[in-house]
Amino acid sequence: MARMKFLCDAERCIDCNACVTACKNANEVPWGINRRRVVTINDGKPGERSVSMACMHCTDAPCAAVCPVDCFYTTADAVVLHSKDLCIGCGYCFYACPFGAPQYPKLGNFGSRGKMDKCTYCSGGPEGADDSAAEFAKYGANRLAEGKLPLCAEMCSTKALMAGDGDIIAQIYRERVTKRGYGSGSWGWQTAYKANIDV
Amino acid sequence: MFKILLLALLLTTNAAIAQDRPAAPVSGFNPTQSEVQQKALLNGFDKILGNTTLPDSRAATLIQPAGPAWRDYRRSWLPWIAAAAVLGMLALLLLFFLVRGRIRIEGGRAAQTILRFGAFERFMHWMTATAWCILALSGLNIAVGRIVLLPLVGSDAFSTLSGWLKISHNFLAFPFTAGIILMFLIWVRHNIPGRLDVEWIKAGGGFIGHAHPPAKKFNAGQKAIFWIVVLGGGLVAASGFTLIFPFYFTDVSGMQIAQIAHGLLALGMIAAMLGHIYIGSVGMEGAIDAMASGDVDLNWAREHHSLWVDEKIERTRGEALKPAAHPAE
Amino acid sequence: MLIKRRDAVAQKNRMLSMLGELSSGVLDRRAFLRRAGFAAGAVGLSGLPLGSVKRAEAANIDQSLPVKRVKAVCTHCSVGCSVIAEVQNNVWVRQEPAFDSPINRGSHCAKGASVRELVKGTRRLRSPMKLVDGQWQKITWDTAIDEISAKLLKIRADMGPESVFWLGSAKFSNEGAYLFRKLAAFWGTNSADHQARICHSTTVAGVANTWGYGAMTNSYNDIRNSKTMIIMGGNPAEAHPVSLQHILIGKEINHANLVVIDPRFTRTAAHATDYIRIRPGTDIPTIYGILWHVFENKWEDTNFIAQRVYGMDDVRKEVAKWTPAEVERVNGVPGEQLKRVAYMITHEKPATLIWCMGATQKTVGTANVRAYCILLLATGNVGSPGTGANIFRGHCNVQGATDAGLDVTSLPYYYGLAESAWRHWARVWQVDYEYLVSRFDDKKMMETPGIPSTRWFDAVLAAKDQVDQRNPLKAMFVMGHGGNTVTRMPEMVKGLEALDLLVVADPHPTTFAVVSERKNNTYLLPICTQFETSGSRTVSNRSIQWSDQVVSPIFESKNDQEVMYRLAEKFGFADKMFKNIKVNGKDPVVEDITREINRGAWSTGYTGQSPERLKAHMANQEKFDVVTLRGKGGDVDGDVYGLPWPCWGTPEQKHPGSHILYNTNLHVKDGGGTFRARFGVERNGVNLLAEGSYSLGSEIKDGYPEVTYAMLKKLGWAGDLTPAELATIQQIGGANPDTVSWAIDLSGGIQRVSIAHGIVPYGNAKARANAFNLPDPIPVHREPIYTTRPELVAQYPTMPDFRSFRMTNIGATVQKRAVDLGVAKKFPLILTSGRIVEYEGGGEETRSNPWLAELRQDMFVEINPTDASARGIQDGAMVWVTGAESNSKAQVKAMVTERVGPGVAFMPFHFAGWFMGVDQRGRYPKGADPIVLGESANTLTTYGYDPVTAMQETKCTLCQIATTI
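Chains as they are written, first to last, in our numbering: chain L, 4 to 202; chain G, 580 to 908; chain F, 3 to 967.
What the hints contain is simulated information worked out from the structure, not anything from laboratory work. We put the beta carbon where it would ideally sit given N, CA and C, even for glycine. Do not rely on the hints blindly, as some may be mistaken.
As the list claims (entries may be wrong) - Here are the simulated EDC-like cross-link-like pairs (lysine to aspartate or glutamate), alpha carbons at most 20 Å apart as the crow flies:
#: 1; chain 1: F; residue 1: 70; chain 2: L; residue 2: 149
#: 2; chain 1: F; residue 1: 153; chain 2: F; residue 2: 639
#: 3; chain 1: F; residue 1: 895; chain 2: G; residue 2: 635
#: 4; chain 1: F; residue 1: 351; chain 2: G; residue 2: 599
#: 5; chain 1: F; residue 1: 671; chain 2: F; residue 2: 704
#: 6; chain 1: F; residue 1: 656; chain 2: F; residue 2: 704
#: 7; chain 1: L; residue 1: 162; chain 2: F; residue 2: 624
#: 8; chain 1: F; residue 1: 122; chain 2: F; residue 2: 64
#: 9; chain 1: L; residue 1: 182; chain 2: F; residue 2: 350
#: 10; chain 1: L; residue 1: 48; chain 2: F; residue 2: 614
#: 11; chain 1: F; residue 1: 300; chain 2: G; residue 2: 599
#: 12; chain 1: L; residue 1: 109; chain 2: G; residue 2: 635
#: 13; chain 1: L; residue 1: 162; chain 2: F; residue 2: 627
#: 14; chain 1: F; residue 1: 617; chain 2: F; residue 2: 88
#: 15; chain 1: F; residue 1: 572; chain 2: F; residue 2: 593
#: 16; chain 1: F; residue 1: 656; chain 2: F; residue 2: 627
#: 17; chain 1: L; residue 1: 162; chain 2: F; residue 2: 98
#: 18; chain 1: F; residue 1: 928; chain 2: F; residue 2: 328
#: 19; chain 1: F; residue 1: 617; chain 2: F; residue 2: 639
#: 20; chain 1: F; residue 1: 671; chain 2: F; residue 2: 701
#: 21; chain 1: F; residue 1: 132; chain 2: F; residue 2: 98
#: 22; chain 1: F; residue 1: 341; chain 2: F; residue 2: 328
#: 23; chain 1: L; residue 1: 48; chain 2: F; residue 2: 877
#: 24; chain 1: L; residue 1: 162; chain 2: F; residue 2: 654
#: 25; chain 1: L; residue 1: 151; chain 2: F; residue 2: 88
#: 26; chain 1: F; residue 1: 229; chain 2: G; residue 2: 599
#: 27; chain 1: L; residue 1: 162; chain 2: F; residue 2: 102
#: 28; chain 1: L; residue 1: 109; chain 2: G; residue 2: 599
#: 29; chain 1: F; residue 1: 521; chain 2: F; residue 2: 493
Stated by the list, open to error - Calculated from the model, a selection of chain G residues having no Cβ within reach of chain F, i.e. all distances over 10 Å:
#: 30; residue: 601
#: 31; residue: 602
#: 32; residue: 625
#: 33; residue: 632
#: 34; residue: 633
#: 35; residue: 634
#: 36; residue: 702
#: 37; residue: 728
#: 38; residue: 768
#: 39; residue: 791
#: 40; residue: 809
When you get a sec, could you build the whole thing from the sequences and use the hints?
This is the structure in structure tokens:
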């Protein structure tokens, strides 16, 4: 079974934000919710790099671990999803997530943030049938059910953001690094998980 | 001849080729070193920060490694701490009860009662206490409900219940905070620690042995409870307000710390309050009257707050005394 | 089962959008009821108030309805990414990546990935509007066309046809642009222009004057072959993001050098192997600084120069003055940095030079691009894979609109304005030449270039005797052009207020609608986007793509062609103008316009790209190679993707198009070429034709002039012409068939026969390093009008005052005054401007798209930390930027960043809606104001125009920044 992952090649990312608006487009994400964002490190200085960031669909997801109502689940494709019906909007998943993926429609109001929303790897949610209007209304598109990949990666301007089976995209990245002759390991792994992935 | 010319040609062209590619100037940079080093970025900061055009400042944090650390606290440490605070305390109280039994009024019930707490004081206490009880239970639900309760009632019911409990928790924060502020204002002068308290503690407070060390309105034990409620409760409230106005006062690191402080302090309070509730109800005969009707048995008062009784009778010229509702046998 | 109550706001917006769709007849009854039912069921019980659940939009596939897949082309930049639209019931419900396109392979940038929102159009103009005493009133189309045409005709009668300025668009399709130019011609004026004026007009003029055509010589895809890529005066990571796909992949595969020369450390520079910071406005010293090392070390390509370049010795003389010391004194770059570049461009070949606005938007823009071309010529980096002048154009069809002649200096397809050009088009249009003459004030005006878009307001405000036409401009008809794109906006505002009539035809109201104090005689016409009509558009590499209609025009909008037809009807020449164009009701058939172009555009090779061939390319995109752009198999075998012009001959001759211009490695029938012979055969005894260089298979093994009938006869090939072709040639030539050239032969026979014999119809000449007809035949450095180095002005002054484009150009006077008054002391920072990735052009359309607007909510100025701390400016603080003319000022947010060097400030040019500190949101028609408003950079920009094209100087002026005004 495939393990679906994202990998953003910081050598190619140019902060064009196609991934951001593609996500908005595919999932009708409202203003104020940023499922995906691009962060630029060392802006304006040599060594500047940009990275596209959304939910990384961690294998041992911290958000799922800390949720008081256990509203997360991992699909057979290793995508981490959650149920908006069960979510109580407490915000704990944001504290636990190293990547800042969870988003909330409201801020304040005595901590009532509304239902958490995040990148679903374009694979919808637990609502009824795949690809139904009800699923779309709550979670956005279910491209995976149609055999497609998340739109952010499909529309990345330079093919920096890759989505797909973890082994395959790691292989692609490895080939790129070899061809270039330089490049660090998967960006962010060491920081987020204190683990090193050799590429 | 031709060979010499060819050789000459080769030498000259080689010489031309051998002209060096000018080195990268000092202001240029080496692409192989241009990878941003994660470790270097974390030096001095607890997060990897960058720039983003989104107005939300949280979006500029690329990675905050403290998240999984907070997760470890919440899933690995907190359940045990909660168990110790609640179950451990209950176990201790049970043990105490079995060993010491109920603390009785040694002189038996008197024919009179004395006014201990007026209507407003009782209202203030019960408002705070009721709020606190629901806060404690709903808080425990956030902390360990998933482990303890969810398997019993199922996801849908648990989520619905938790949603309501969360709302109650957030709203009851206000009466609770108001209550402890009132308590502080109204009772602080009776809770200043003094020499009397040292003596009281040395005498075991009457819990160990049957001594009845003198005390004013509040004895050392009660003063401890007061300060736990006011200071502990105050910190719980402050951290709580930080939590219900997310990111208004601090960033994600501050929120994590606030959440940890809130939980641990609250558990400490729960442990303390279990003791307070025990002694105020089952643990001591006559104690409940203080907050129930406000009039306590005179003998009880003389045994536990002798100095207060004298001072009260004198100050109210006996008005504080009333015949007992239930005459002594 | 709990039902969540929807958020009230979301509910209201949904209702509005549903009603909007109903009013345009877009939704059918069945779908409406289904949606209404869904909404009703979900509103139901008031459930837990636990926050909102996302509302349903029309943005998902309804499994029970059929899906139509339409292939269109993005309407933003000139990369030309293909877009796949999934449509149900005339509603664009989903956007999918177009993986098959060799240009973008499914990729987009933020703008392309969000184009579906453009036909949702929540902030678009919905109906025609008229400004009455400062209030916008809705009117019908018929009323609008009636009133506008009546007013225009009155002005024509009273003041003359030259008093109306026709400002067209780089967003037109080729058909729309061509039609607009034709409309202006029938109206009787050459004052028809579009965004190329402010963008690459200097490129077109400078490059064409060097070697023949002023367009990108290679392609985005071909850059994958380069070993050295120099990007000088461009930031493609933000302006053409998908081009970076080709650049970065090429860089990785070839271990290529990527050299970025720019005053700012941009997102492009972040991926470079070498970065060089220069003072804005010092491009020629930089190029000559590189050439100095090339010539000094004898690294130039002597063979190439000898065979294919004229006048390089004149360049050597100028370059000798630019020693490393002088270069560093003027532009701040140490000599060693440029030596490295000189080495790379000559030893690590093929090398290409990429540029955009940084090269063009200066008073020396034409000279700049000529210097760039000279560098490529000197190093032999033109006319083969991986080389070339890779000019990244701006808007989605600025190349096509430029080609279609939406330019005050020419008729369509670069024929110019001479009598022979008019006669050619009279033949194509099948109207009397004399009729066309009668439309103008006189024959002289007919052959005089018009007022450029950069100075239209000067022509409004000028006294009658200061403009070389009967009367000043009185009316402006704007179709698809922003109002914040020209310099000197405070002056422009005065011009706007002085107009008797202003018409803005656009999907959005634009800055024109709000920036002035106009109260009356202003009309807004809602025009649909290119997604709501069909047509062809030409991308930067000259490939032409056919974009299919995705949905019908939304609300009451109409397409460009229909509006032009309606006006032509009112003006009384619709029958003549649309003689060979079928009109369905009032809507011209787009393909008929394409075919008319095919029948007339011989000079540029727009004749072989019939609608059928273009549509076949779009349908068979996957057959084209991503590097060579050659098609393999099926209908498109051997074609180059998009049939990039020149695509010689008739469509039946099936020329494949020319991927790489001037490429002598290929036979002309496969897309090979030579440098054009445009400038004569010899000059002062020096041969201007190529020597010993010719395209593959050429039967003339040397240079040759443009092909005429006479030349064919001399070569003995005239017999190859068919009787029909010969008849046409004789009919055109009349008494002198000998003079009929490859460019005016409507039969295409001269081109066909030339190609059959391997010769290029436009001749085989040397490229001109010395362009002897230009004001500066050899590029010469001239300081910007407003410079921080006034001491250099004496040695490098701007062009002396001159007259061009019907008005005086007082650049030298302004520069001298700035020096004398010490303007640089009061305004010590160099202000430059440019693009950001989220927005495009004037920004009204992109700032109305919520998905883009959210990403950049504030206008800003980039300021270096040294300059900021000297002024007490914190990052994110509001500051006042003041300009050197008109007491101009703008209140914007400060972005303190090292991206700009000390002494330089940068502002993006996409913002409008605030003017000199005043919020103008209330002036927009209700509901049509963009989400994000901000100050325009051009409020602060200043006088300065290129002598050849009247390009404005937006890349280097002066400003001051302070926390208070």
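Now for the hints, and whether the structure bears them out:
1. F:70 x L:149: holds (17 Å)
2. F:153 x F:639: violated (53 Å)
3. F:895 x G:635: holds (16 Å)
4. F:351 x G:599: holds (16 Å)
5. F:671 x F:704: At roughly 18 Å apart (the allowed maximum being 20 Å), residue 704 of chain F and residue 671 of chain F satisfy the hint.
6. F:656 x F:704: violated (27 Å)
7. L:162 x F:624: holds (18 Å)
8. F:122 x F:64: holds (17 Å)
9. L:182 x F:350: Satisfied, since the Cα-Cα distance of roughly 19 Å is no more than 20 Å.
10. L:48 x F:614: Distance of about 50 Å is beyond 20 Å: violated.
11. F:300 x G:599: Distance ~15 Å between residue 300 of chain F and residue 599 of chain G Cα, so the pair holds.
12. L:109 x G:635: holds (13 Å)
13. L:162 x F:627: holds (18 Å)
14. F:617 x F:88: holds (18 Å)
15. F:572 x F:593: Outside the cut-off at roughly 24 Å; violated.
16. F:656 x F:627: holds (19 Å)
17. L:162 x F:98: holds (16 Å)
18. F:928 x F:328: violated (57 Å)
19. F:617 x F:639: holds (14 Å)
20. F:671 x F:701: holds (13 Å)
21. F:132 x F:98: violated (38 Å)
22. F:341 x F:328: holds (14 Å)
23. L:48 x F:877: Status holds; Cα separation ~16 Å.
24. L:162 x F:654: violated (39 Å)
25. L:151 x F:88: holds (15 Å)
26. F:229 x G:599: Holds. Residue 229 of chain F to residue 599 of chain G sits at ~18 Å (cutoff 20 Å).
27. L:162 x F:102: holds (15 Å)
28. L:109 x G:599: violated (62 Å)
29. F:521 x F:493: With a Cα-Cα distance of about 18 Å, the restraint between residue 521 of chain F and residue 493 of chain F holds, given a limit of 20 Å.
30. 601: Non-interface label fails for residue 601 of chain G: nearest chain F Cβ at 4 Å, not farther than 10 Å.
31. 602: Violated, because the least Cβ-Cβ distance between residue 602 of chain G and chain F comes to about 8 Å, which does not exceed 10 Å.
32. 625: holds (21 Å)
33. 632: violated (5 Å)
34. 633: violated (7 Å)
35. 634: violated (6 Å)
36. 702: holds (30 Å)
37. 728: holds (19 Å)
38. 768: holds (43 Å)
39. 791: About 54 Å separates residue 791 of chain G from the closest Cβ of chain F, which puts it past 10 Å; holds.
40. 809: holds (33 Å)
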